[in-house]
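Asks: First to last, the protein sequences are chains A and B.
Residues in the first sequence are numbered consecutively from 689, following this note's numbering.
Residues in the second sequence are numbered consecutively from 243, following this note's numbering.
Incorrect hints may appear among the rest.
[Claimed, not checked] Interface residues of chain B toward chain A, partial, derived using beta-carbon atoms under 7 Å:
id, residue
1, K272
2, A273
3, Q276
4, S353
5, N535
6, N553
7, D569
8, A578
9, Q629
10, M668
11, E672
12, F682
13, Y709
14, R717
Since the hints were derived computationally from the structure, they do not count as laboratory data.
For glycine and all other residues, C-beta sits at the position ideal for the given N, C-alpha and C.
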Amino acid sequence: MLQPELARLLAGGQVLLKSCDEDCPSGDTHELRQREADEGNPFNYTPQLIHLHKDHQLFEDGDIHRHMYLQDLYISEADDKTTLSVSEFACHISGCSAVFSTLEEYEHHYNSLHRHVCCSCRRSLPSARLLDIHIQEWHDSLFNILAQRQDMYQCLVEGCGQKFRTSKQRKDHLIRLHKYPPDFRFDKTKKDRGTRETKRQLQHKDAAMEVVDDVCESEGVCEVMCDVLSDQPERGESMETHVSRDDEAARMAESASAEEHAGLSAAAHSAGNTGTEPPKPRYSYRLVFKEVCCKPLDVFRLFLAQYCCTQRGHVVPFIRCF
Amino acid sequence: MWRLNKVRHKAGRLGGSLEEFKLKKREHEKALRQARRDRQLVSKRLLLNEDEDQPEVNMDTASGEQVRQIGPEREAHLKALSKALHDPTAQLTFIKQENSMHLLVGLLTGSNASCRLQAVRCLHELSHSSHANVAPACLPATPYLLTYLSGQSTKFTELCLYTLGNLCPESDAVKEKLLAQGIIPALASCIENQRHNLAVVEAVGFTLSQLLQAKDAAAKIIPLVLASSLPSHLLSVLTPDPKFGLAPAIECAWCLHYLTCSMEDNRVLLAQGALLKCSCLLVSLGAAVAEGNKEDGMELLICPLLRCMGNLLSSCPVENLSTEVGDIHVVVALCALLQAYLQSQPALARESAWVLNNLTAHSSALCSALLTLNLVPGLIQLLPFSQGINTMILRVLANIAHKKKEFCVQLAHLGLLSALYATLKMADQEMVTLSMDVLFMLVVSGPQVAEEFVKQGGLLLIEAIQYNSEGEIRRRATYLLEHHLVDVESAVF
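The task is simple: from the sequences and hints, build the whole structure.
Replies: Below, the structure is given as structure tokens:
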């Protein structure tokens, strides 16, 4: 609101504050919250009167200004530089500590690194479509079965629509027709994930993510995580049992202590779903964290192994990886 | 007297550029900040003689030898001495002389009025010293200085007051002595008798503020002050005199601040109408600022008024809020101050937001006023600013949301929901937690808000928050998703 409008309001004469019936600490949302409080509602905002003592931090600047005046060192504000600052943004994903000065930078970071992540192998793909294709080709056994009989490997270029019998054929198509580079980062075949030696080379060449179970073995990180991950390729998965949060939650409940169940709740996510029915198919684009057994440091090391482009232990800002 | 103009002329006259002055100021500021951290923030004031040039230091003069001789030149010698005592070395020389203080006190209480004036000038110079031995040397004079407060001579009384004010922070022993000698009743009757003499009123305010800043003021000094007539006089001086300037009001406002922040229970001051007075004043100051009449030094008065109001509100029972606050336009004034001082004095903006929080915490009427007077969009625009500004503003908005579901719907329409998309991603975890709390209140207020949120991609946002590094925030995100957004999702998509 512009100042002139405020000036007009203030010039308009006194309007006395009337005492209201509702002038009490509880509003009508109070009853709703009372009910919800029984259900473990973590929201507990209550308006608070804040009393500040003489030496409070909030009073520092004003006190300094006052004493400068007493000591004849007053400078009018026209001569002084502003000390106003704008909030920074930060990626609060557990294990990520990136900080940004603008919202755009944050969004770019999040969308590039955390948005389209495969739950199974932690690989980050740049788009929903490529993630879909990745999940289909890497983690879906039904795909393998069907691929023996029909052309299943889609061209990665959106709108092309062509399908191929093998990934090599698709790759040739991409290079020949669409002029793609032969080492396109987002068209790794499953055979490409391999030994640690290969992994290091790859890390230098590009930012391709390594399968986490390698990391787990080398880093000795989370046992539970390893179990979960190594489970998936072996299990006979149908399209529908692509990992939903509920399955993971169920597994977690067996191995983890109840109070650490921070990000994964066993409650049914889909509306009206009871425990007995199979969960609705959901492509989880989200990063799933087993922070139950992992300390933040371990998770961070995981990220390092996946994202870092240089020697171990040396942290490189994520943006540079691409 | 209103010293700001004088200070600026002085800076110019000294020949140094504004840049040098600014550099000196910045260094000094650092020293003051450290002193505050050490709880040692203390200032003394020196009353300059307006038409005097820089004094020449003459060691003979400084020794006070000439003054010992009785005769018509004595007054002239005293004048020269007071000028000489401006120099720190001269001060030390003087007090080292045997019986020098005794002599000065004798002159202070003598029959020659001009000599008294010059003598008190000398004492004033000495009191201003930061050297550990110099100011305490003035103590023998204090009973007389206090006695003279009931006199009628303006200049003389002023000098007595500033001298006493400079001596107050010296030590606990000094304060105890002054209290025992009756400084508080003396100040009370002085301000009462001289209330039309604003220069003296300013000086009383300064001296009292020096007493009230003491570390243990709450235990000994404040109860005595509250029991006296000083609070009502302080309140009556708060409205600035347009001709004289802001200075007396500034001093009295700071006294009131030291009184209100030390006590958890401010019933005495509330009963005297302190909150109403501060509220009315802030309305008129806010109006002046909104019209573009931002006077230099106004923030020196606004700051303590805000603090008084904030702390008085925290001990005001909600039932009495309407009588104590008076005009609802005080929220307009606070918003005007917030915007006007945001760039130049962000701390003042933060303190204004704090007062808004205390006003809106338990009052539905004031929350409603913020909405009906169309002040909310302006507040939402302040959410990008850090250093405690956005957290306090978000609290104000949360206070509004907490009152009624209708308020939540209005807040969502006015853009708060969109603003939360940004605040939920801020680096400050307190902002994220508060944003989650506000989002919850908005979403549960009604299906329209929840649907709007989901339509704008809110689900992805909350799902990301489920992986926040803070457990409390993760719990909130999960709870919100499962209990309030899951049904909406299937309805919308």
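Asks: Which of the listed hints are broken here?
Replies: 1, 2, 3, 4, 5 and 11
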